[in-house]
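A.B. asks: What follows is the residue order along each chain.
There are 2 protein chains.
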Amino acid sequence: VGNIMAESALKTRVQELENEVKSLKKQLGDNKARQKIETMSSEVVDTNPYSRLMALKRMGIVDNYETIREYTVAVVGVGGVGSVTAEMLTRCGIGKLILFDYDKVELANMNRLFFQPHQAGLSKVQAAEHTLRNINPDVEFEVHNYNITTMDNFQHFMGRLKNGGKTEGQAVDLVLSCVDNFEARMAINTACNELCQTWFESGVSENAVSGHIQLIKPGESACFACAPPLVVATHTDERTLKREGVCAASLPTTMGVVAGLLVQNTLKYLLKFGTVSFYLAYNALLDFFPSMTMRPNLDCDDSFCRKCQVEYQKTESEKVEEPVEVVKEAEVSTENDWGIEIMTETTEEESNAASGPVPKLAEGLTVAYTLPTKTKDEPKEAVSNGNGLSLDDLMAQMKTL
Amino acid sequence: VGNIMAESALKTRVQELENEVKSLKKQLGDNKARQKIETMSSEVVDTNPYSRLMALKRMGIVDNYETIREYTVAVVGVGGVGSVTAEMLTRCGIGKLILFDYDKVELANMNRLFFQPHQAGLSKVQAAEHTLRNINPDVEFEVHNYNITTMDNFQHFMGRLKNGGKTEGQAVDLVLSCVDNFEARMAINTACNELCQTWFESGVSENAVSGHIQLIKPGESACFACAPPLVVATHTDERTLKREGVCAASLPTTMGVVAGLLVQNTLKYLLKFGTVSFYLAYNALLDFFPSMTMRPNLDCDDSFCRKCQVEYQKTESEKVEEPVEVVKEAEVSTENDWGIEIMTETTEEESNAASGPVPKLAEGLTVAYTLPTKTKDEPKEAVSNGNGLSLDDLMAQMKTL
Chain X
3 VGNIMAESAL KTRVQELENE VKSLKKQLGD NKARQKIETM SSEVVDTNPY
53 SRLMALKRMG IVDNYETIRE YTVAVVGVGG VGSVTAEMLT RCGIGKLILF
103 DYDKVELANM NRLFFQPHQA GLSKVQAAEH TLRNINPDVE FEVHNYNITT
153 MDNFQHFMGR LKNGGKTEGQ AVDLVLSCVD NFEARMAINT ACNELCQTWF
203 ESGVSENAVS GHIQLIKPGE SACFACAPPL VVATHTDERT LKREGVCAAS
253 LPTTMGVVAG LLVQNTLKYL LKFGTVSFYL AYNALLDFFP SMTMRPNLDC
303 DDSFCRKCQV EYQKTESEKV EEPVEVVKEA EVSTENDWGI EIMTETTEEE
353 SNAASGPVPK LAEGLTVAYT LPTKTKDEPK EAVSNGNGLS LDDLMAQMKT
403 L
Chain S
3 VGNIMAESAL KTRVQELENE VKSLKKQLGD NKARQKIETM SSEVVDTNPY
53 SRLMALKRMG IVDNYETIRE YTVAVVGVGG VGSVTAEMLT RCGIGKLILF
103 DYDKVELANM NRLFFQPHQA GLSKVQAAEH TLRNINPDVE FEVHNYNITT
153 MDNFQHFMGR LKNGGKTEGQ AVDLVLSCVD NFEARMAINT ACNELCQTWF
203 ESGVSENAVS GHIQLIKPGE SACFACAPPL VVATHTDERT LKREGVCAAS
253 LPTTMGVVAG LLVQNTLKYL LKFGTVSFYL AYNALLDFFP SMTMRPNLDC
303 DDSFCRKCQV EYQKTESEKV EEPVEVVKEA EVSTENDWGI EIMTETTEEE
353 SNAASGPVPK LAEGLTVAYT LPTKTKDEPK EAVSNGNGLS LDDLMAQMKT
403 L
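Same order as they appear, the protein sequences are chains X and S.
Just so you know, we're using my numbering here: the first sequence kicks off at 3 and counts up by one.
Just so you know, we're using my numbering here: the second sequence kicks off at 3 and counts up by one.
Simulated from the structure, these hints should not be mistaken for laboratory data.
The reader is advised that the hints may include incorrect statements.
One copy or two, it doesn't matter: identical chains are merged, so the pair holds either way.
[Stated by the list, open to error] No more than 30 Å apart at the CA atoms, straight line, and that leaves these computed lysine-lysine pairs for DSSO-like:
| no. | residue 1 | residue 2 |
| --- | --- | --- |
| 1 | LYS28 | LYS106 |
| 2 | LYS244 | LYS321 |
| 3 | LYS106 | LYS59 |
| 4 | LYS244 | LYS59 |
| 5 | LYS24 | LYS164 |
| 6 | LYS13 | LYS168 |
| 7 | LYS24 | LYS13 |
| 8 | LYS27 | LYS219 |
| 9 | LYS309 | LYS164 |
| 10 | LYS28 | LYS38 |
| 11 | LYS27 | LYS164 |
| 12 | LYS28 | LYS13 |
| 13 | LYS24 | LYS309 |
| 14 | LYS27 | LYS13 |
| 15 | LYS38 | LYS24 |
| 16 | LYS28 | LYS168 |
| 17 | LYS27 | LYS106 |
| 18 | LYS38 | LYS27 |
Computed from a predicted structure; not experimentally measured.
Required output: the full structure, derived from the provided sequences and hints.
C.D. replies: Written out as structure tokens, the structure reads:
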């Protein structure tokens, strides 16, 4: 009888545990995570995660949305901006994402989007990969849990930018810098100059109420070393500037806006629609969004930047009245199903003033770093074309203010 | 012996199941979800989820960050914009959130942030509450899974705006409209006019590449009925405009930016820092951000709007040279620990031009709806003050263009 009772109790226990497993699995959603989808479809059904993206074609915004699957984007830094950037690209169905970070998730990160308290203690790239793969299993993920600025890691990092594309051996299509320090920015800059790799810089101020994105096309626009921040120019170790018990402020709003602007410009760059901004800042206190273009510095410390400049000038001079880039004008959909429409009509003149190359430094902008005065015997050859101005021109303008 | 074997097998099974439960619980993070925190602290430790927010005080941006716990915000519509809005407010540690939606999560929503595939089929408010409570258990949540536009629900909805504040019987502090149709916007407008309740309108265009936010202070700025979209003015049932097999496009980028701008302005409004924008639009193709202020329409169809206008004029005329609102100027932190700083210096003149009341309609903006011509015997009394212009003034300006 004792055995039978013990057996019965065990059976009840098994039943209880099986129910708990079932309930936990349901909560985890393991039985619901969606299957891979072979081809992006425009079909308008509740079960199609791509219907709202493919609708961009019918709306006349993007010609070729499905080509997004061919692209690889490297995101360096998976913090407040980088994690949201990676999530947006994942939900957009990017072909491949390569993530770099060496930090761990902390509760102190919970004031920004993406990570959740139960992930505290996990590595950021591993936690991010787990969440992102659940959101969209169609994306290919590659993650690296290391600091890109050490000698060995830097070589590996550069190798992945050069060879980590959709087909191994192919370069990535774009690098997005979402790091929070200058040393890492300089490492990315060095790698991208050597590879002549286009990338976006991004940043948020330590008081949390402003941020910016900057498109760096080596040779065509200023690189990070062309007009370095003071801390870089003076070779200051930025770690010595940190103080015990003091941290930078941050807001999910500012970081969400910067990530949104960064990924929006990434989509415009990859899928060739709209106008890609070279530099766009966000001042949250005033809702002010200055924009400008910075030409490269002929005297840039980075020899690869100077090399890219020469190559860019050569390519440009060989072009015979050909437009540099085919950009698609803002189109208003002829199918206006819901009558929802933003009341904006911009003339070409206004749009030039709002973004792209501008004839002078945008209002409210100042240059933080001034170059040493040139000696007279140095040859001066301003790298400038069209309505863009060289850094020297800008400096001269600044002095007159 | 048979019994002993059966018992042994059952014991093994119990052990296996217990291990599975342990592993699933770990994945779910139930054993790691953070505990409630009694008081917001500025302490800089990895375990403090508020350190980066409280740092806004040391940076000179916000005087009183911890008062955010006293505020209640109602979010109507928990879709692409509303869900991210709710998440940002939750991570910022808002006192109470009231969510309204009657929709279910679908895989077709996965191109926007927040919801995950395993939540497909759940009600949006329930799925959102579960995720948000895990992210920040200090926030008080109240969710309503209904359509606010039906007669009964509308009364209940209005009751919750009137009484749902931190202390029952107190009004909410702000209402955020994140809905995707005009009928719901008009319902919110009607309720807020009757309650003289300040709210923010928000929206994203059906081609996914523009959006806006609009602050509506009944009596002070134009309400949604003051200059209604054509579909509202002509009493068109917008459902008849939808077509089989066609859906609006949407992007996580545009919706993330709009949610970011919406919550940023919500924080500025509640915590009294920076300048709150009355109307701010985002044109994603050009990275163009027009801003303007719209005064109320004397002939607004909504009698409660007209009543609020009279009350606002009365209050304003009783003020003797007192500033309407104390806004804090942009301050640059004196403690610049990392040397990270956005290179923006704005004069008062520039800041006026960039946001807040403007002397004329911003470049690139047009008015979508024109009022019927007035009959001569109607008294005309333009509601306008300071450098703001009435809708009539704006219309007159438009005609000259």
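A.B. asks: A separate judgement is required for each hint: does it hold in the structure or not?
C.D. replies: Hint-by-hint comparison with the structure:
1. Taking the closest pair of Cα atoms, LYS28 and LYS106 come within 30 Å of each other both inside a single copy (28 Å) and across two copies (17 Å).
2. For the identical chains of this complex, LYS244 and LYS321 are neighbours neither inside a copy (49 Å) nor across copies (48 Å), given an alpha-carbon limit of 30 Å.
3. For the identical chains of this complex, LYS106 and LYS59 are inter-copy neighbours only, at 26 Å across copies versus 40 Å inside a copy, given an alpha-carbon limit of 30 Å.
4. For a Cα distance limit of 30 Å, the shortest separation of LYS244 from LYS59 across copies, 18 Å, qualifies, whereas the shortest one inside one copy, 48 Å, does not.
5. Taking the closest pair of Cα atoms, LYS24 and LYS164 never come within 30 Å of each other, the shortest separation being 45 Å inside a single copy and 42 Å across copies.
6. Taking the shortest Cα distances, LYS13 and LYS168 never come within 30 Å of each other, neither inside one copy (51 Å) nor across copies (49 Å).
7. For the homomeric pair LYS24 and LYS13, the shortest alpha-carbon distances inside one copy (16 Å) and between copies (19 Å) are both at most 30 Å.
8. When the C-alpha separation of LYS27 and LYS219 is checked against a cutoff of 30 Å, the pair qualifies neither within a copy, at 47 Å, nor between copies, at 47 Å.
9. Only within a single protomer do LYS309 and LYS164 lie at most 30 Å apart by alpha-carbon distance; the minimum there is 18 Å, versus 66 Å between protomers.
10. For a Cα distance limit of 30 Å, the shortest separation of LYS28 from LYS38 qualifies both inside one copy, at 20 Å, and across copies, at 26 Å.
11. For the homomeric pair LYS27 and LYS164, neither the shortest alpha-carbon distance inside one copy (40 Å) nor that between copies (40 Å) is at most 30 Å.
12. In the homo-oligomer, the alpha carbons of LYS28 and LYS13 lie at most 30 Å apart both inside one protomer (23 Å) and across protomers (25 Å), since each shortest distance falls under that limit.
13. In this homomeric assembly, LYS24 and LYS309 never come within 30 Å of each other (Cα to Cα): the closest approach is 61 Å inside a single copy and 58 Å across copies.
14. For the identical chains of this complex, LYS27 and LYS13 are neighbours both inside a copy (21 Å) and across copies (22 Å), given an alpha-carbon limit of 30 Å.
15. Within a single copy, LYS38 and LYS24 get their C-alpha atoms as close as 23 Å, and across copies as close as 28 Å, so both meet the 30 Å cut-off.
16. For a Cα distance limit of 30 Å, the shortest separation of LYS28 from LYS168 qualifies neither inside one copy, at 34 Å, nor across copies, at 33 Å.
17. When the C-alpha separation of LYS27 and LYS106 is checked against a cutoff of 30 Å, the pair qualifies both within a copy, at 26 Å, and between copies, at 21 Å.
18. In this assembly of identical chains, LYS38 and LYS27 lie within 30 Å of each other by CA distance both inside one copy and across copies; the values are 20 Å within and 26 Å between.
This entry does not satisfy hints 2, 5, 6, 8, 11, 13, 16, going by the numbered hints stated previously.
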